[in-house]
Amino acid sequence: LDEFDAVFLLFYPTERSLVEKFKVLRSEIERKRIPVFIMAGKGTKQKGIVLLHSLIPLKEMGMADYEFEAFVKLTEEGMKNPIMRLEGMDVDNLNVWNNLPPFYHSGRIIMPEKNSVILAVINKERTNIIKNDVPFILCSPTGERRYFFVNGYGLWRWDLLLKNDEFSGVYDRLFGNVVRWLIKEDDEKRIRVYTDKEVYNSGEEVIITAEVYDDYYNTVDNAEVNVSIVKDNYVLERVLDNKGGGIYRGRLEIIEPGRYKVRCNAKYFDREIGGDVGEFSVGEFSIEMLDIRMRNDILRNISKESGGKFYTSEDINMLFGELPQKRNESIEEKNIEIYNKWLLMVIIVFLLSCEWFIRKRLGML
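So for the sequence shown, our numbering puts the first residue at 1; every next one is plus one.
Keep in mind the hints are simulated off the structure, nothing from the lab.
It is possible that part of the hints are untrue.
[Stated by the list, open to error] Computed list of lysine to aspartate or glutamate pairs in DMTMM-like fashion (alpha-carbon distance at most 20 Å, straight line): (1) Lys80 to Asp133; (2) Lys42 to Glu77; (3) Lys197 to Glu284; (4) Lys45 to Glu77; (5) Lys131 to Asp196; (6) Lys45 to Glu67; (7) Lys267 to Glu15.
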């Protein structure tokens, strides 16, 4: 399984599956923490649910063992969850789900035992056989080994029966979302906040930008993105404007110098997506930076009062004619290493010997 990013178990295991072989597969999935997709079918009965328990905490609650057609209904969590957002369609997302063709259900009620997230249930108003909400689609909470469970089959009808319908594309989009969510890495940021510069002058405009992505790193529009600019006891809050394509931006001016933190958080349909923290600095106020244009009139007055002259870039050649002509001087140096010249060494030793001899004869030593 080292070569696989996720495992799909379709109507497996069944009552006739080889238990020992499935246990080997299950053990490897658990050990390597591989994401798993499971779709239950008519053959996924009590023994199959028991074998799946360590992969997905499920329990069977009984019910008549016969097949019937059912319709899907999103839960409140499913309306917020990006897996169930069928982006790119020209109709409302909830309207898409409410108008899907029926799928098949085995009649066996399978319930999660732990804190699984139920994204969709069987619509009891449109299915007279059941009286309570029966989970249809559920997934793991964020931060755990990922699993996705579908208690139904015949979802191919969402593709073939809608080929020429305004809802066509549901099947591909849904399973594209599921695969991206299963295999995505958790260590990547879904919110990124940054400023256009790291250092600003006092009073200069600060541009704050945030990028917002969903659970499988598609850009998110229409999110609520808030930022807080914090320095000691100073706190300034802003709501960033949606610029499209998952980009949100805001502008502000800060006078007081210092180092500031930018704390950002984003919500989508009242669901917390995540947050990020950035930093920037504001320098001391400088009057010279208020107007950085060249002031020719001031420069001419300075040159006039000081007895100098003023030139622009257009008449720079005239400047060289005004400069005094100086004589060019050059200095040459030549170094001789006498230690590497044996003839010089012999002459020096000879002269020193002569001096010693003369001093000795004259009694100067």
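For the pair supplied as a hint, Lys45 and Glu67, confirm whether the alpha-carbon distance does not exceed 20 Å. 13 Å, holds
Holds or violated: Lys267 and Glu15, Cα atoms, limit 20 Å. Given pair Lys267, Glu15 is violated - Cα atoms ~44 Å apart, limit 20 Å.
For the pair supplied as a hint, Lys45 and Glu77, confirm whether the alpha-carbon distance does not exceed 20 Å. Status violated; Cα separation ~28 Å.
20 Å limit on alpha-carbon distance, applied to hinted pair Lys197 and Glu284: 16 Å, holds
Straight-line Cα separation of Lys80 and Asp133 no greater than 20 Å? Judged against 20 Å, a Cα distance of about 19 Å means the pair holds.
Hint check: Lys42 vs Glu77, CA-CA at most 20 Å. Holds or violated? Roughly 27 Å separates the two Cα atoms, so the pair is violated.
Given pair status - Asp196, Lys131, alpha carbons within 20 Å: Outside the cut-off at roughly 57 Å; violated.
Comparing the model with each numbered hint stated earlier shows that hints 2, 4, 5, 7 do not hold.
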